[in-house]
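Colleague: Top line first, the protein sequences correspond to chains C and G. Here this note's numbering = 1-based position in the first sequence + 771. Here this note's numbering = 1-based position in the second sequence + 419.
Any given hint could turn out to be false.
Just some of the chain C residues that point at chain G, by a computed CB distance under 8 Å [to be verified]:
#	residue
1	S801
2	R941
3	L961
4	L962
Dumping the calculated EDC-like pairs for lysine to aspartate or glutamate here, alpha-carbon to alpha-carbon at most 16 Å [what the hints assert, rightly or not]:
#	chain 1	residue 1	chain 2	residue 2
5	G	K450	C	E945
6	G	K457	G	E499
7	C	K915	G	D479
8	C	K934	G	D515
9	G	K564	C	E921
10	G	K538	C	E924
11	C	K934	G	E584
12	G	K530	G	D443
13	G	K564	C	E924
14	G	K530	G	D479
15	G	K526	G	E559
Which residues of chain C face chain G? A partial, calculated answer using Cβ under 7 Å [what the hints assert, rightly or not]:
#	residue
16	L800
17	N805
18	M807
19	V828
20	E918
21	V926
22	Q930
23	S946
24	R948
25	V951
26	F953
27	Y959
28	L960
I should point out that these hints are in silico values taken from the structure, not numbers from a laboratory. No experiment lies behind these values; they were computed from the predicted model shown. Each residue gets a CB set at the ideal place from its N, CA and C atoms; glycine is no exception.
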Amino acid sequence: MERGRRLGYAKICIFLSLLLSFVRHLSALSITVNEMECVYEYVLYEGDTVSGNFVVVDHDIFWSSDHPGIDLIVTSPGGNTVHTSKGKSGDKFDFKAPRSGMYKFCFHNPYSTPETVSFYIHVGHIPNEHNLAKDEHLDPINVKIAELREALESVTAEQKYLKAREARHRHTNESTRKRVIFYTLAEYLLLACASTFQVVYIRRLFSKSVAYNRV
Amino acid sequence: MSGFGLFILTLGLLSSVAQSLRFDLQSGHTKCISEDIKSNSMTVGKYSVVNLNEGYPLPDSHKVTVRVTSSYGNNYHYGELVESGQFAFTAAESGDYMACFWVPEQKPPVKLTVDFDWKSGVAAKDWSNVAKKGQIDVMELELKKLFDTVSSIHEEMFYLREREEEMQELNIKTNSRMAWLSFLSLLVCLSVAGLQLWHLKTFFERKKLL
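Okay, chain G solo, but in the shape it has when bound:
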């Protein structure tokens, strides 16, 4: 049983290995990273300020404020002046979710490095739990992961096909609208010219010049 505990521990340790994105943040500036997440998909994010001086604690000025919002403006996570943190939620609406990082203005201006890892959909699934529940061996776990990846690829294909169909409809509508508008512009031109002629003719007849 303790062998299995060791297994889970190793798994747990490894899931926290940094496999993430890093970017620099100047004090007083905001950087936002956004991602398109589909509704009802799980998303997990972890952020931390990188300590460039190993062994020394991070100074107080090296803290960020984080806010995660959906495209409709709903707030999903807020961390004020923290060194690290994480958020996990199931996306209620599909759209662009934005995670904004902000460092308060300081003199002298300081540059922070933030480590950020944001996974959603298939990659966000917690595989250690799946392994624990089923007592399944390594090979099977890997193959399960591959199967999940293939399913998500399949779903994504359907989504892309749907979007492409919508765009085709939009293009057809634009095309027919352009044709109508050109025809209408010809009519407008001719009618305006006709009106001009008629008006000037009556005007000159009235003035007894014609």
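Okay, chain C solo, but in the shape it has when bound:
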């Protein structure tokens, strides 16, 4: 009787361990990309959905226009390119992992100004019927719970994307405000200088000491 309960407990542990291994969490991290920055993420099961997003958070731009964007290249452990985004200032991606292993996510900055990229990568696994058949402790309800968890993860991912884009918009707005004020004041100054120059020049044309007869 005692041994039976122990075995039961062991089975629960194994089952729980399987369940917990489905969870992959990453927070939205930012890195500064000078030319090329790569991060690696391990995918445990083949067929897992890898989803994520990235947003280029602009630095304080004063003179130039918007940064043309960076490229993202996702490479599978076999060396094939699984996903590419070119010249985007923010993008969402998701793909089904063709095999398990270490996937490489590379951000490439084609221009010389360093940019800060805020990214989020999530690897999600939902146990399917094949796993259900193998382990009798895996309830169909756990599949539903895993699906629910994946759906909530996608909401969280979207929120992180929106938050990063909001930060980017805020940067752009603040720099616009500063630029408006600066350019307007510069315009006034320039106008005043131009008109003073005009007056001084005309006075000089009419002054007796300098070529009176020219006029």
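Once you've looked at the hints, dock chain G against the given chain C.
Modeller: Frame of chain C; chain G shown alone:
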């Protein structure tokens, strides 16, 4: 009771399964990863240098210096020339927290791979403790996790809404400021032109040309 011990042990073993981010670090270079953390939220980070030769110990040159700072410059964690480590703290101020990794310059230049796992907020919560305290079963634990996730999504929505409101106010202010400045520039232009005319007129009258 030992069955429950086994349960906790399995849970403990699994929480240390690497589910993390990896990046390369050249000797002499610094790489910084930053994250926006809200105040009063728990954050946990674990880092280690990956040993590419299994079975052999890591050479002495493969050690990193780590520093975790807040956006105000307060130092939260410092590890000098370590192979692995972890940090956990409750964020006192909200803002961008930066974890910087640095490898000292060496000849020949060596490339390290660092495994880094940084969780904050809901993901940082220690579920093994919750399970231990309540003696709750698996399903309930999973549902508790889902509930926590939903609460954090809800809170995040409020935060986003607030930020959007602030930005809208900023935009309205910029808009009205631009309108005022354009009007003012028209006034400046007209007044400068008027001044010029008046000044030149008196000048020519004085010179008896007009």
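Colleague: The structure should be examined with respect to each hint, and the outcome stated for every one.
Modeller: Consistency of the hints with the structure:
1. S801: Since chain G brings a Cβ to about 5 Å from C/S801, closer than 8 Å, the hint holds.
2. R941: 6 Å, holds
3. L961: At about 11 Å, which exceeds the 8 Å cut-off, the nearest Cβ of chain G leaves the hint on C/L961 violated.
4. L962: This hint holds: C/L962 lies near chain G, its Cβ roughly 6 Å from the closest one there, short of 8 Å.
5. G/K450 / C/E945: Cα-Cα ~28 Å, so violated.
6. G/K457 / G/E499: Violated, because 27 Å separates the two Cα atoms, which is more than 16 Å.
7. C/K915 / G/D479: 48 Å, violated
8. C/K934 / G/D515: Holds, because 13 Å separates the two Cα atoms, which is no more than 16 Å.
9. G/K564 / C/E921: At roughly 12 Å apart (the allowed maximum being 16 Å), C/E921 and G/K564 satisfy the hint.
10. G/K538 / C/E924: 14 Å, holds
11. C/K934 / G/E584: 13 Å, holds
12. G/K530 / G/D443: 7 Å, holds
13. G/K564 / C/E924: Holds: G/K564 and C/E924 sit about 12 Å apart, inside 16 Å.
14. G/K530 / G/D479: 13 Å, holds
15. G/K526 / G/E559: 55 Å, violated
16. L800: 5 Å, holds
17. N805: Violated, about 10 Å.
18. M807: 11 Å, violated
19. V828: C/V828 check fails; min Cβ-Cβ to chain G is 10 Å, beyond 7 Å.
20. E918: 11 Å, violated
21. V926: Given a least distance of 6 Å, the restraint on C/V926 holds.
22. Q930: With Cβ-Cβ at 5 Å, under 7 Å, it holds.
23. S946: Nearest chain G Cβ about 11 Å off; hint violated.
24. R948: 5 Å, holds
25. V951: 6 Å, holds
26. F953: 11 Å, violated
27. Y959: 5 Å, holds
28. L960: 10 Å, violated
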